[in-house]
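The sequence shown lines up with residues -20 to -1, 1 to 158 when you count with mature numbering (1 follows the signal peptide of the UniProt record, and there is no 0).
It should be emphasised that the hints constitute simulated quantities derived from the structure, not laboratory data. Be aware that one or more of the hints could be misleading.
Below, a list of computed lysine-lysine pairs in the BS3-like style, where the Cα atoms sit at most 25 Å apart [claimed, not checked]:
no.: 1; residue 1: 124; residue 2: 29
no.: 2; residue 1: 150; residue 2: 124
no.: 3; residue 1: 128; residue 2: 29
no.: 4; residue 1: 29; residue 2: 150
no.: 5; residue 1: 150; residue 2: 128
Using C-beta positions, here's what the derived DEER-type ranges look like [claimed, not checked]:
no.: 6; residue 1: 58; residue 2: 133; range: 32 to 40 Å
no.: 7; residue 1: 21; residue 2: 60; range: 30 to 38 Å
no.: 8; residue 1: 25; residue 2: 71; range: 17 to 25 Å
no.: 9; residue 1: 96; residue 2: 130; range: 29 to 37 Å
no.: 10; residue 1: 146; residue 2: 75; range: 16 to 24 Å
no.: 11; residue 1: 25; residue 2: 75; range: 32 to 40 Å
no.: 12; residue 1: 150; residue 2: 41; range: 16 to 24 Å
no.: 13; residue 1: 58; residue 2: 128; range: 27 to 35 Å
no.: 14; residue 1: 110; residue 2: 54; range: 29 to 37 Å
no.: 15; residue 1: 109; residue 2: 46; range: 20 to 28 Å
no.: 16; residue 1: 118; residue 2: 12; range: 21 to 29 Å
no.: 17; residue 1: 157; residue 2: 43; range: 33 to 41 Å
This one's a predicted model, so the numbers in the text were calculated from it and none came from an experiment. Yeah, the Cβ is synthetic: ideal placement off N, Cα and C, and Gly gets one too.
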Amino acid sequence: MKFTVFISTLSLLATTTAGALRPIGDVVKRDPSGSFSLYDYGVASGPLKLFYADGLAYFGSPSAWSGSVVTDVTFTASNSQVIAHSASSVTIPSNSRLYVRPDTNSAAPVGFTGSNTPADAVTDSFTWYGAWLFYQNGNALESKFYVKETSVSGVWQLFWLSGGSTEGYKAGNVRNFA
């Protein structure tokens, strides 16, 4: 009798566990909702906010950087794209999207679309893993973001390193909250 109860309990446990291990559905991609900022972690004692400078992406304080068009930006996400919006009175190109250049086989600056967008720039393959920004290459998620210190203290330029040496660069962790 005890053996029968034990087998019944074991059978019930196995059925319940197996049911819990079944897939509950397809993974659904979700873009962040509303407006957000992007930050880098790891190169300073706290997070550094991403800003726009002459079509390229930098972390730190935009007021410390000189250039023709320099501004703090916020972002929205839609259809695997990250769209930049000026957070000041400075005008950036309309519908400016963040891009990477995944096929350069070297370090390539991360930038924003506009009049000088490289022909190999990709804007529509971004995805999120929690708060982290990734590039989706087929079924693989890639985070090849690196930062390089500029000549201005506390300002780092964002790069995509698809190949080559990482010497002089630090791994970047691009996230959508501080």
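Tested hints:
no. : hint                   : verdict
1   : 124 <-> 29             : holds (18 Å)
2   : 150 <-> 124            : holds (11 Å)
3   : 128 <-> 29             : holds (15 Å)
4   : 29 <-> 150             : holds (16 Å)
5   : 150 <-> 128            : holds (6 Å)
6   : 58 <-> 133: 32 to 40 Å : holds (35 Å)
7   : 21 <-> 60: 30 to 38 Å  : violated (23 Å)
8   : 25 <-> 71: 17 to 25 Å  : violated (33 Å)
9   : 96 <-> 130: 29 to 37 Å : violated (19 Å)
10  : 146 <-> 75: 16 to 24 Å : violated (33 Å)
11  : 25 <-> 75: 32 to 40 Å  : holds (35 Å)
12  : 150 <-> 41: 16 to 24 Å : holds (18 Å)
13  : 58 <-> 128: 27 to 35 Å : holds (29 Å)
14  : 110 <-> 54: 29 to 37 Å : violated (20 Å)
15  : 109 <-> 46: 20 to 28 Å : violated (35 Å)
16  : 118 <-> 12: 21 to 29 Å : holds (23 Å)
17  : 157 <-> 43: 33 to 41 Å : violated (22 Å)
Of the hints listed earlier, those the structure fails to meet are numbers 7, 8, 9, 10, 14, 15 and 17, in rising order.
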